[in-house]
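Below, each chain spelled out in residue letters.
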Amino acid sequence: MNGSSQSTSSASLMMRGLWYENAIVRQVLGICSTLAVTNRVLNTVVMCAALVVTTALSSWTVSLMRRATPRSIRMMVETLIIAFYVILFDRFLRAYWPDMSRQLGPYVGLIITNCIILGRIEAFANSNPPLPSLVDGVANGLGYTLVLLIVATVREAMGMGTFMGLALPLFSGPLWDRWILLVMPPGAFFTLALVIWGFRSIGMMRREET
Amino acid sequence: MSITEKPWYPLAYMFAVTAVFSGVLIGFSALTQDRVDRNEQIFLQRAILIATGAAAENTPGEEISRIFNERVEPAEKDGIVEYRLKTLDGRLQAIGVPFEGQGYWDQIRGVLGVNADRKTVTGIAFYQQNETPGLGGEIVTQQWRSQFPGKTIAVGDQPLRILQAGQTVGDNAVQAVTGATQTSVRLERMLNEDLRTWQTAFTGEGQ
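If you're matching them up, the sequences are chains X and E in order.
Numbering of the first sequence is given in the numbering used here, commencing with residue 1 and proceeding in unit increments.
Numbering of the second sequence is given in the numbering used here, commencing with residue 211 and proceeding in unit increments.
These are computed hints drawn from the structure, not numbers from a lab.
Be aware that a few hints might be false.
To be verified - Short, incomplete list of chain E residues facing chain X, as computed with Cβ under 8 Å: (1) T214; (2) P220; (3) M224; (4) F231; (5) L235; (6) R245; (7) T342; (8) P343; (9) G389.
Remember, predicted model here, so these are calculated numbers, not experimental data.
For every residue, glycine included, the Cβ atom is placed at its ideal position computed from N, Cα and C.
Make the full structure from the sequences, and use the hints.
See below:
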């Protein structure tokens, strides 16, 4: 991987999380939720916001506590911290945005099992200072967001003819026959596969140039 | 030997960490409990008011509670509940009939509104569903629900029908959502079951 010299400057962390080591495209992590919540762009945005916040804060907290935490029980502590932030977010939605909470249903709670968070904690936050860990969490969350937004936009536009619930000119017109399959779960597999293929092809072209 | 190397240290550490984090969560839950309870109530209240035509989709939560407390009274008979909407001078204006049943993915809960004549439908609203977005989930859209007002509930086996595309919809029928056969069939079934029990329980009232 090109940019993976162990530099911890914020810019390099951001580039790695967003592109060179993008959790979904490069590592194919966290795709369960990629498949589940991407048929509406608005739901995806909220889900991604939850993931960015949780990954960043969990990484930061784990990093703060890393010297005090005994290695033998570190996984338990990490899971506890992740669960803490996820429940906090879930509760916040239920209290202040009940409609969204209803729509996302169990998926917010399932962020606890999102591989990206534990992956970043184990790979980075465990052995780095709090601030870079926070940046690393944000970067990886945004990398996830980038891919999910592309998938969600394709699915909602071609499957429902809308974007964020607003009708799109071509796709909601009579000329476009809505691809119902894209709204259904298999649609996410096809779209995600194409996105990963596209991203990796671009990456490969870049590598040949350098 | 430093404290972190003591054999009991991991245990004590885990206890302490758990206590702190759970403490914060419990505190936050307690703090927001009233709000969450109110939100849950408002879901049902909003559905009743929308179905009976007393509120719009975008009426804010506080307004919903206010109208509901002012004008709606629940009435119970044989264990069946209906919600009676009164006009401002106290006459019966419309009735919200709650219904629920298993949808394609999850429980569907909603309210069907009928006029004081107990026959003419004023509207329908849902306050819980988890159908496929874009397919069965379309039942919550205004576009689909706008088929209901003005329909008449029939007496008999199937008070209201949800028909597949192509069939002509009569006075007591609406068009199903295309591509969502399962949701439509199940919704029709739960609507009819709950409407029948409601008709039986409240027969002779206000006819």
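Inset, instruction - Tell me, in ascending order, the numbers of any earlier hints that this structure violates. - result: No hint contradicted; all consistent.
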